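Residues per chain are reported as follows:
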Amino acid sequence: MKPILEVKNIHKHYANHVALKDISLIVEPQKIFGLLGPNGAGKTSLIRIINQITGPDSGEVLFNGERLSPKHVDYIGYLPEERGLYKKMSVGEQVMYLAQLKGLKKADAKAKLQHWFKKFEIENWWDKKIEELSKGMQQKIQFIVTVLHEPKLLILDEPFSGFDPINAQLIKSEILELRDKGATIIFSTHNMGSVEELCDNIALINKAEKLLDGSVKDIRKNYKSDTFDISFRGNLVGFINALWAGAELLDKKSDDDVHSVTVKMLRQNKPNDLLQAVLNHAEILSFQEIVPSMNDIFIAVVENKTTLNTQSNFTE
Amino acid sequence: MNKLFLIIQREYFSRVKKKSFLIMTILGPLLMAGLMIVPVWLAMRDQTEHQILVLDHSGLFIDKLPNTEQIKFTYGAESIQTAKAKLKDGPFDLIMEIKGDAINDSKTTPVLYYKKQPGINVEQYITNTMENILFDYRLQGDSIDLNKIDKARRPVEILTLKVTEEGKDEKTNTEINMAIGFGCAIAIYFMIFLYGSQVMRGVIEEKTNRIVEVIVSSVKPFQLMLGKIIGVALVGLTQFILWIVLTLFISTAVNTFLFKDQIADTMKHNSQIEKVMKDDLTAGVDKMEKINSPNEVIDLFNNFNTINISKILVCFAFYFLFGYLLYAALFAAVGSAVDSEADTQQFILPVTIPLIASFIIAQSVVTDPDSSMAQFFSIFPLTSPIVMMVRLPFDVPGWELALSMFCLIVGFLFFTWIAGKIYRTGILMYGKKTSWRELGKWLFYKG
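Same order as they appear, the protein sequences are chains B and E. FYI, this note's numbering numbers position 159 of the first sequence as 159, with every residue one higher than the one before it. Take the position in the second sequence, starting the count at 1, then add 1000; the result is the number in this note's numbering.
Some hints could be false.
[Claimed, not checked] FRET-style restraints, in silico, Cβ to Cβ:
no.: 1; chain 1: B; residue 1: Lys-128; chain 2: E; residue 2: Trp-1417; range: 38 to 46 Å
no.: 2; chain 1: E; residue 1: Phe-1021; chain 2: B; residue 2: Ile-299; range: 48 to 56 Å
no.: 3; chain 1: B; residue 1: Asn-304; chain 2: E; residue 2: Phe-1193; range: 18 to 26 Å
no.: 4; chain 1: B; residue 1: Lys-224; chain 2: E; residue 2: Ala-1342; range: 32 to 40 Å
no.: 5; chain 1: B; residue 1: Glu-66; chain 2: E; residue 2: Arg-1201; range: 49 to 57 Å
no.: 6; chain 1: B; residue 1: Glu-196; chain 2: E; residue 2: Lys-1019; range: 46 to 54 Å
no.: 7; chain 1: E; residue 1: Leu-1321; chain 2: B; residue 2: Ala-107; range: 31 to 39 Å
no.: 8; chain 1: E; residue 1: Arg-1201; chain 2: B; residue 2: Val-18; range: 53 to 61 Å
[Unchecked claim] In the DSS-like style, the derived pairs of lysine-lysine whose C-alpha atoms are separated by at most 30 Å in a straight line are:
no.: 9; chain 1: B; residue 1: Lys-135; chain 2: E; residue 2: Lys-1003
no.: 10; chain 1: B; residue 1: Lys-118; chain 2: E; residue 2: Lys-1003
no.: 11; chain 1: B; residue 1: Lys-135; chain 2: E; residue 2: Lys-1220
no.: 12; chain 1: E; residue 1: Lys-1017; chain 2: B; residue 2: Lys-106
no.: 13; chain 1: E; residue 1: Lys-1441; chain 2: B; residue 2: Lys-181
no.: 14; chain 1: E; residue 1: Lys-1441; chain 2: B; residue 2: Lys-207
Derived from the structure by calculation, the hints contain no laboratory data. In this text the structure is predicted, and so the values were computed from the model without any measurement. C-beta atoms are modelled at their ideal positions from N, C-alpha and C, and glycine is treated no differently.
Chain B with its partners taken away, still in its complex shape (with noise of 0.2 Å):
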């Protein structure tokens, strides 16, 4: 399929620092895409040259195979990380103008704005201004602005700060629904968990550079390190002896003749290797391969990469 978003070689630096170097992307159709990284990694900065709030230096931005340009901005829809809405202004009146503004008619807007207050259970807030609402009425307004207008591609930025594990839940389910309707989500976070709830596929941007991108699935597949748990019931001893040149022994826990074990694959046995090999020894009551978690990849590319650059420093 044709990607919705194409991200070539994006350079972009601000008076004393660069905020993104040689950044490339491709977006998927119908797919959740995550944008991961540290504070102050880029991911705003990128995400505003999607949104053409800001230009790059150099590189390009295609919408659907074309060059991003103003008219695309109405198949855009955007949830900031820093958002709000005016205090003042009635709820009613407020999300007419942000609707107005997405290029909707009025007539237009207003239907959809019912459609979406019923279906939050909200009508009877239209006249209320929103500095009477809490924060997490707010949000929920702000949602439902960022979608009203049916974009294409939807980007939030940190879409779940600030929300309540309730709405949380309402936000992650309606994320999903769009994206099986036809959107494209871009999804700033670094909330891993939500992460591997949510997105096919991810990019991971620290410092300014991408270290990383593909499908969760691949990732956490090459992040793998043949390492398995396995808890049995026996002796200890016989099971660790068993085990002798075709796993190595990360660790153990025992409570009373049940032992916990975590082991990693030498060379190139097979998990049935090793339970042949202990078998005559305990009595196995669970055996599970650990898959790293995004947090785990996160912190170890993250951590790994400044490791990397403090040392090139040093030989600089």
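Keeping the supplied structure of chain B fixed, place chain E upon it in accordance with the hints.
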């Protein structure tokens, strides 16, 4: 264009619907009407009558101090002690004692006793009249003819006449010119301050609300800035018109109810003027005769013709509009560079200095409207909206006016462009104190 209109619409209605707008709209004319009415009212009210008992031992002033509506002199010969008793029980509230040698010995000053301190003008009146009497007395002592002195002291009144292009003489009146020019300049000055800072506050509000990033993902930052500036301008215009209408309404109402007699007098006066003017017309009196007519109100009518009221109005509208637009853009840039209103001080000063300076310059321009300083500042775009308005009634050459207007338009475009660049970057910068150097760098960021 449609989006710009939406922004203007929001900026306009969100302000006009505010309670503070309503309050200001009503309070403004009340204050203005108050400014016009209260002095008149005070002047009318302050008519305390003073009964002054004069104990003149020199005899020079007896029956010579002229009474006025408020100050009545009575002359007595009793001792000061008995007189002071009268001060206690009335009818006198002031006693003046003039010693016998007061005429020749300047060290012997007259003494004014009071129960309640009289106003400064009462004291002044007494001093002045006494001085005049003494003056005359001393001259007579030197046997100088008083009539000759009077003749010699005839005051001079200058009739200023302008020779028009057609070679005719026209009467001009410097005071009225000054008043009109200054009135317009003050109006422009206040409106720029009032609504310029409204623009600034609007920008800060959007920034602190964090709504600005949502909006600039739909419209260009420049559109947002422009929409705000135009929206606020329309608010200002609405308020201005309402103020004028309400002020006229209130002052007419108050005048009719409070100052009925005065109005009646004025009406009579007006009808006289009308009659005189009609006579002028029917008799086909030539211009010179009309000018020499003693009726000042007719002079005023003539003056309006020479000042060319429509030219003033057009220029006022122009300088008002572009002066506001230029400064509002600068105010918007200041608003975008800070995080809260408390931080504006650092940047607001350079914006307000030319504004305040032009007001100070305007005062010296009045005394010499064609000086090179007046010429320069009435063409320089940051000061021209105010300085040119003051100069305008003194017949500015056409080319200077055209150049000034041209410079203002260019200045407006230039400063709006600069402000737009600062604004674009500033609105997305949070939590960092901005320095002047940084502001400079923002100018060169790529869109």
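Against the structure, the hints come out as follows:
The supplied range of 38 to 46 Å is met by Lys-128 (chain B) and Trp-1417 (chain E), whose beta-carbon atoms lie about 40 Å from each other. For Phe-1021 (chain E) and Ile-299 (chain B), the hinted distance range of 48 to 56 Å is satisfied, since their beta carbons lie about 55 Å from each other. Checked against the hint of 18 to 26 Å, the C-beta distance between Asn-304 (chain B) and Phe-1193 (chain E) comes to roughly 58 Å, which is inconsistent with it. Separated by about 55 Å at the C-beta atoms, Lys-224 (chain B) and Ala-1342 (chain E) break the suggested range of 32 to 40 Å.
For Glu-66 (chain B) and Arg-1201 (chain E), the hinted distance range of 49 to 57 Å is not satisfied, since their beta carbons lie about 40 Å from each other. With their beta carbons about 51 Å apart, Glu-196 (chain B) and Lys-1019 (chain E) fall inside the hinted range of 46 to 54 Å. Judged by the Cβ atoms, the range 31 to 39 Å given for Leu-1321 (chain E) and Ala-107 (chain B) holds: they are separated by roughly 35 Å. Between Arg-1201 (chain E) and Val-18 (chain B) the beta carbons are some 35 Å apart, a value that contradicts the proposed interval 53 to 61 Å.
The suggested pairing of Lys-135 (chain B) with Lys-1003 (chain E) holds, with an alpha-carbon distance near 28 Å, which does not exceed 30 Å. For the suggested pair Lys-118 (chain B) and Lys-1003 (chain E), the alpha carbons sit about 28 Å apart, so the restraint of at most 30 Å is met. For the hint pairing Lys-135 (chain B) with Lys-1220 (chain E), the CA-to-CA distance comes to about 27 Å; that is within 30 Å, so the pair holds. Restraint check for Lys-1017 (chain E) and Lys-106 (chain B): satisfied, since their Cα atoms lie roughly 21 Å apart, inside the 30 Å limit.
Restraint check for Lys-1441 (chain E) and Lys-181 (chain B): not satisfied, since their Cα atoms lie roughly 44 Å apart, outside the 30 Å limit. Distance hint between Lys-1441 (chain E) and Lys-207 (chain B) is fulfilled; the C-alpha atoms sit about 22 Å from each other, no more than 30 Å.
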